[in-house]
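Note that our numbering has the sequence shown beginning at 404, numbered continuously upward.
For the record, the hints were derived by calculation from the structure and aren't laboratory data.
Take the hints with a grain of salt, since some may be wrong.
Here are the simulated distance ranges between beta carbons [to be verified]:
#1 Ser424 / Arg507: 19 to 27 Å
#2 Asn411 / Pro557: 21 to 29 Å
#3 Trp460 / Glu412: 23 to 31 Å
#4 Asn411 / Ile524: 34 to 42 Å
#5 Gly446 / Leu508: 14 to 22 Å
#6 Lys525 / Asp430: 44 to 52 Å
#7 Glu543 / Arg427: 31 to 39 Å
#8 Arg561 / Met500: 33 to 41 Å
#9 Gly418 / Leu567: 31 to 39 Å
Subject to a maximum C-alpha distance of 27 Å in a straight line, what follows is the list of computed DSS-like cross-link-like pairs (lysine-lysine) [claimed, not checked]:
#10 Lys428 / Lys413
#11 Lys457 / Lys525
#12 Lys457 / Lys428
Glycine included, C-beta positions come from ideal geometry on N, C-alpha and C.
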Amino acid sequence: MELLDLYNEKGDRLGRTAWRSDWRKRDGEYVKVVHVFLMNPEGRILIQQRAFTKQTWPGMWSILGGFVASREEPAQAVIRETAEEYGIDISDCPRRMVGRIVHRLRGAIMEYWMVLSDTPIKAVVCQPEEVACAAYVTSEALLALYASPDRWEPGEGRYRDLVLELIARIPQIFADFSGENSAAGRQL
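Construct the complete structure from the given sequences, taking the supplied hints into account.
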């Protein structure tokens, strides 16, 4: 079971925790969730098909994501979740937060991270309880999938619109981020 820190809407810790299985949204309390756009040197994004045994949205496509555990920073959660779900160590890979959405209906602060990695698809080892399979796709294909409610895990209302806007900006974010890392001498 995961122990989660509780936050205010600004993202400050409240000094309280809750077990993930027991947590229910309350006014003024939020949990943090990270979502990861893991991108290869060609600018393709690694997506996953959720395991068919999952309680929520079985068999639907999504990007990697997970809760930020108690006493953990979001950047650490990105590394942990990627290792757990894909068997990939990204601790030395360039990464940064590229978007943040406060989802008031779910009581979650969603942080979106970009990670640059040259991990080939054959090196991805999916955790079978979480992920049925994974694939690299273009941002255009990701937009098309996200717009298919019968194939992509659902989002609602303004949250869905904000995620669509973020996905549409991925090519520019990737170009800026990969350019910064090339200038810094990092190889992808």
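Practice item. Hint says 23 to 31 Å; check whether the CB-CB distance for Trp460 and Glu412 agrees. Key: holds (26 Å)
Check your understanding: Is the Cα-Cα distance between Lys457 and Lys428 27 Å or less?
Key -> holds (21 Å)
**Study point:** Satisfaction of hint between Lys413 and Lys428, Cα-Cα up to 27 Å
**Key:** Holds: Lys428 and Lys413 sit about 16 Å apart, inside 27 Å.
Exercise for review: Starting from the range 21 to 29 Å, see whether the pair Asn411 and Pro557 falls in it by beta-carbon distance.
Suggested key: Check passed, 27 Å falls within 21 to 29 Å.
**Study point:** Glu543 paired with Arg427, Cβ distance criterion 31 to 39 Å
**Key:** holds (38 Å)
Review point. Between Lys525 and Asp430, does the C-beta distance stay in 44 to 52 Å?
Key: At roughly 47 Å between Cβ atoms, Asp430 and Lys525 fall inside 44 to 52 Å, so the hint holds.
Review point. Okay, Arg561 versus Met500 on CB: inside 33 to 41 Å?
Key: Since the Cβ atoms of Arg561 and Met500 sit about 20 Å apart, the hinted range of 33 to 41 Å is violated.
Practice item. Just tell me: holds or violated, for the beta carbon distance of Gly418 and Leu567 against 31 to 39 Å? Key: At roughly 35 Å between Cβ atoms, Leu567 and Gly418 fall inside 31 to 39 Å, so the hint holds.
Check your understanding: Does Lys457 pair with Lys525 here, judged by a C-alpha cut-off of 27 Å?
Key -> holds (24 Å)
Practice item. Using the beta carbons of Ser424 and Arg507, state whether their distance is inside 19 to 27 Å or not. Key: 22 Å Cβ-Cβ, so the 19 to 27 Å window holds.
Review point. Do the Cβ positions of Asn411 and Ile524 conform to the proposed distance bound of 34 to 42 Å?
Key: holds (40 Å)
Check your understanding: Does the hinted range 14 to 22 Å hold for Gly446 and Leu508 at CB?
Key -> Violated - the Cβ-Cβ distance for Gly446 and Leu508, about 32 Å, lies outside 14 to 22 Å.
Violated hints, in rising order: 5 and 8; the structure is consistent with all others.
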